[in-house]
Amino acid sequence: MYEFAYHRPNSVRKAASLTASGEAKLLAGGQTLLPTMKQRLAAPDALVDLAGIEVLQGIELKGRTLHIGAMTRHADVASNATVREALPALASLAGGIGDPHVRAMGTLGGSIANNDPAADYPAACLGLGATIVTNKRRIAADDFFTGMFETALEDGEIITKVLFPLPRRAAYAKFDNPASRYALVGVFVSKRGRDIRVAVTGAGPCVFRVPAMEEALGRRFSPKSLEDISVDAGDLNSDIHASAEYRAHLVGVMARRAVLAT
Amino acid sequence: MSKTGIGAPVRRLEDHRFITGAGNYTDDVNIAGQAYAAFARSEHAHASVRKVDASKAMKVAGVVAVFTGADLEKDAIGPLPAGWMIHSKDGSPMNAPGHPCLVQGKARYVGDPIAVVIGETQAAARAGAEALEIDYDVHEAVTDMMKTASSPIQLHDGAPKNTCYEWELGDKAATAAAFKQAKHVTKLQIINNRLVPNAMEPRSAVGDYDSGTGVSTVYTTSQNPHVARLVMSAFLNVAPEHKLRVIAPDVGGGFGSKIYVYPEEVVCTWAAKKVGRAVKWTAERTESFITDAHGRDHVTTAELATDERGKILALRVHTTANLGAYPSLFATCVPTYLYATLLSGQYDIPAIYAEVDAVYTNTVPVDAYRGAGRPEATFVVERLVEVCARELGIDPATFRKRNFVKKFPHQTPVIMMYDAGDYAASLNKACDIIDYKGFGKRKREAARRGKLRGIGFSTYIEACGIAPSAAVGSLGAGVGLWESAEVRVNPTGNVEILTGSHSHGQGHETTFAQLVSERLGIGIDQVSIVHGDTDKVQFGMGTYGSRSGAVGMTAISKALDKVEAKAKKIASHLLEAAEADIEFKDGAFSVSGTDKKVTFPEVALNAYVAHKFPSSEIEPGLKEGAFHDPANFTFPAGCHICEIEIDPETGVSEVVNWVAVDDFGIVINPMIVEGQVHGGIAQGVGQALLERAVYDDSGQLVTASYMDYCMPRADNLPSFKVDTTVTPCPSNPLGIKGCGEAGAIAAPPAVINAITDALGHENISMPATPQAVWQAVRKGMAKAAE
Amino acid sequence: MPKVTMTVNGTSASADVEPRTLLSQFLRDHLRLTGTHVGCDTSQCGACVVHVDGRAVKSCTTLAVQWNGASVTTIEGLASGDQLHPMQEAFREHHGLQCGFCTPGMIMAAVDMVNRHGGVPDEKTIREGLEGNICRCTGYHNIVKAIGAGAAAMTGGKQAAE
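Chains as they are written, first to last, in the numbering used here: chain A, 1 to 262; chain B, 1001 to 1786; chain C, 2001 to 2162.
Treat each hint with caution, since some may be false.
Residues of chain B clear of chain A, computed beta-carbon distances all greater than 12 Å [unchecked claim]:
(1) K1429
(2) A1447
(3) V1702
(4) P1730
(5) T1769
(6) A1772
(7) A1784
Short, incomplete list of chain A residues facing chain C, as computed with Cβ under 10 Å [to be verified]:
(8) M1
(9) F4
(10) A5
(11) Y6
(12) R8
(13) P9
(14) V12
(15) K14
(16) A16
(17) Q31
(18) L34
(19) A42
(20) G98
(21) A104
Bear in mind the hints are in silico, worked out from the structure with no lab data behind them. For every residue, glycine included, the Cβ atom is placed at its ideal position computed from N, Cα and C.
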């Protein structure tokens, strides 16, 4: 690891000013950032640790919306009674990220800010139509995930919380990469009134929705509705673990399994 | 059986330090004033190094020194040698260029060390290594073993066609004649996938030099510290043997990968003298991936000839073996004498002919990995046998039994003389335990759940207890493969065993103590096992090839014989009786037919006090040594049966049932033996389903971390049902055959036989990843639709 | 260099460290608590697992400076004097280790698994709970057995409420 300065501000405002230059990086759970820095693939001048900022913590149900602080750890989302009751699909997704020790550290905000193409939370945000709240604005999930490791966040912009509208039905089905255990393909399906969402992670360069599946589920919310719908392999990732064709196939399988599990 | 003697499931004596964090691994060793080494490694798979400019690196804060291959050359530090001579079929000796510890001229794989930077801290050393300016002349690389022999790219001047040797074994003409007579021939193309051993402890070395005594000391992650010292002295010129101490403390797994001498331990030892302080290096995992010797990596064409009843007539194989960029220490014997000699399997095969071409590619050197050659042979034989049985419509268990060797000793056409076994017994027992008869019902039940269920056999044999020295010498080995032991009885009656075997997970501190407990009638807590330090143990050949029981313990047993004989003499004086009348039982010497006795500790004390016997006849003290050279290999064998369920939608294969019935001869500690079987199966299942090292065309290792190299995890495996049958090994007094590699040898064909049984066709290679199985399921469906 | 103070195995420990010092390096290099091992660079092998403020984390993937004021338990601090922790005892009794390198992380992860679970997890739960710990020696068979037994000893055999 290269040398860097360490800051632990106690307010979002201070954190924002420390990162305004763009040379510093925010440290949330660190479960992706620190391994990247250890491999000397990232060399920020400074790390701004968000763990000391109380307002970034916490889980609260306000009406039909679940508010989750950006620094809430995966383990806490997974085990939280409110989440398990109100949005079990999200609790179960959080409980399947990485491994128990990674979940003890990793955070919601860190995961979506990083927007790893194989991360789980982006599928939940997009699949539930979540709103990402930052120190500057509110961003709809549909506008937030802009590309591989790319988001709509600007320098000095810090995610403070994510608002998840409660669906009537939702489930996440994930096919693990056998080695890394990231999502080779993960599909989040939800239904909230007429708003039906199918969000896919792992398969492409960035989390994406599958309108054809959403329309089919809109006609009839059943795994059978998806049987003849395929996604175009041409847009998908291909690597030693899975060809684009196999990923495209798995999107169908996981989508059907997710619908079945809702 | 006593509670702590032979056959007792004694809880391990070494565990206390490991479960409390008090183990002492090489990276735990710190020497006052130590500096740290970081290696600058070739980023290219094939490149001439024109210049290493260290001027910027030397300016990095905390950098102490930079050394390159030229510095090693100046001090006449030799290259790493190949330790086993193989001759090609035309009689010419193999082409085995040495591996310089730091590149001299060309780098031949990504990771080949070019320079070392010594720093005050690990971070300083690494920063220095990054600041080195290396001027490369990049050449095209060849990574495909099937293309390298005909490639215009040449790795070594001394190895035309990038070939180490073209070797053969067996009777070519007799085999061809048998194939002519055959009513049925089964032919398979087999890829034995390249694996990375991945002991959980990364390699590490701490070199130190004492200018007062002129002694160099290196702590290193080695399975055989004496072999390391011998190679570093005799071949590399690091220090004379009597001025070099090699210590392999607690070692966190080896699986073969820590047999060999590696550049880093050599450089740390040498550099410590240059910079006048201890030098420490520990691999990062990615560094392990690109520097630890890999395993397997064969491409084979194999044919099996039978008569109309399914009696095997002959076997013929052609194998290409990838050695990587250089011949690692024992690499050349792995695809030859550890492979082709096992091609008879458990079967009576009249004629066998094997050809092996060993080739160089721009990849990490390949050497022995758990099983070493024998898993590759077993995979060839057990796949052929299974497929042949299917093609002939004969039940695979019946087919095997029809062809088993039944009379012993049995001379195979490929050197080995099997000495004892009962192959049908282990097969029958395994069938009973797994309820083979009930498989059809389980398959139908799985089908109702949408799963494809298959069953696969593997009746394997291995040659262990490596090895009779004269025999291996005649086959090209550069060393003898005996083992040594010393038994030191202290005046208070407790015992220290010095052994040349090395324990890195095998539990020698327990099993060796059990032997002593059994023989001397003292508690295991009265026994210490001393190993892993060339200053303490005179010499030893180390631990690999499932040899520590059959060879290492036999050496201890022979030394105990001598201790007992001398103690008996002393006891006869203490008891004032004729030596012939002294009996030794349960830790006491007695005069037969009387109740006069003296305990072992009393004899020990008297041996050192030396008041009560004539020292003109008997020397004081009680310490004996022995060297044991085995008379034959040992032949563990057994039957593993695996049941798999495939999810045809995703291609995921789940191992749902595993039975292993092994014949390891006499077992010292069944708990430890079962643990060895479990671990071996896991590595075999890993090879069959999960693991592979992948190079791209440019020679970059794509699978260089656990993000891409799939290690077996707890949820990839079931609990195993493990049992034994016993035919004692006739070639050593303890009857031990060895158990360390069996699981890794047996497992891969059992898995693939189960998968192909479920699929209904044979078109799948290892590793049978979900994607590969999904494709195979589709192929099967397409075939069925035809 | 920032000064870090934490309670490690019940004893206050402090040192001036570079911010880039990982918790695992702080424990191994500064405190010479070498029971915590490092087996990979990518947060997967779990040999480095320790408990921080009651949670199992990978000490190779967190900075020492993040834990100023925290309470850390390593494998060296698990036993009470000569009295082994039931999970340590279970690993020995059931031969849940061979080379011993992954063992400290395995045991710390196992204790955490039982703490979170509250009872005796079934085999499937144990195997899935070990996703973050790699062992190359045992094939996990005896580790799974040991954790079941250790859990029973820790919880008095209480079957877990799922």
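Here is how each hint holds up against the structure:
In this structure K1429 (chain B) is separated from chain A by more than 12 Å, as the shortest Cβ-Cβ distance comes to about 33 Å. The beta carbon of A1447 (chain B) sits about 19 Å from the closest Cβ of chain A, which is more than 12 Å, so the claim that it is off the interface holds. Not every beta carbon of chain A lies more than 12 Å from that of V1702 (chain B), the smallest distance being close to 6 Å; the non-interface claim is violated. For P1730 (chain B), the non-interface assignment is confirmed: its Cβ lies about 44 Å from the closest Cβ of chain A, beyond the 12 Å cut-off.
Not every Cβ of chain A is farther than 12 Å from the Cβ of T1769 (chain B); the closest lies at roughly 7 Å, contradicting the non-interface assignment. A beta-carbon of chain A comes within 12 Å of the beta-carbon of A1772 (chain B); the shortest separation is about 10 Å. Under the 12 Å C-beta cut-off, the non-interface status given to A1784 (chain B) relative to chain A holds; the minimum distance is some 19 Å. For M1 (chain A), the interface hint holds, the least distance from its beta-carbon to any beta-carbon of chain C being 4 Å, beneath 10 Å.
Nearest Cβ of chain C to the Cβ of F4 (chain A): about 6 Å, under the 10 Å cut. The hint holds. About 6 Å separates the beta-carbon of A5 (chain A) from the nearest beta-carbon of chain C, less than 10 Å, and the hint is met. For the restraint placing Y6 (chain A) at the interface with chain C, the shortest Cβ-Cβ distance is roughly 4 Å, inside the 10 Å limit, so the hint holds. Nearest Cβ of chain C to the Cβ of R8 (chain A): about 8 Å, under the 10 Å cut. The hint holds.
The criterion of a C-beta within 10 Å of any C-beta in chain C is not met by P9 (chain A), whose closest approach is roughly 13 Å, and the hint is violated. Below 10 Å, beta-carbon pairs count as interface contacts, and V12 (chain A) has none with chain C, the closest being about 18 Å; its hint is therefore violated. Below 10 Å, beta-carbon pairs count as interface contacts, and K14 (chain A) has none with chain C, the closest being about 17 Å; its hint is therefore violated. For A16 (chain A), the interface hint is violated, since its Cβ never comes within 10 Å of a Cβ in chain C; the closest pair sits about 20 Å apart.
A cut of 10 Å between beta carbons decides the hint on Q31 (chain A): the least distance to chain C is about 6 Å, and the hint holds. Taking 10 Å as the C-beta contact cut-off toward chain C, the hint placing L34 (chain A) at the interface holds, the least distance being around 5 Å. The interface hint given for A42 (chain A) is broken, as the beta carbon of that residue sits about 12 Å from the closest beta carbon of chain C, more than 10 Å. At its closest, the beta carbon of G98 (chain A) sits 7 Å from a beta carbon of chain C; the interface hint therefore holds under the 10 Å criterion.
Evaluation of the A104 (chain A) hint against chain C yields a held restraint, the C-beta minimum of about 4 Å falling below 10 Å.
Of the numbered hints given earlier, the model fails hints 3, 5, 6, 13, 14, 15, 16 and 19; all others are met.
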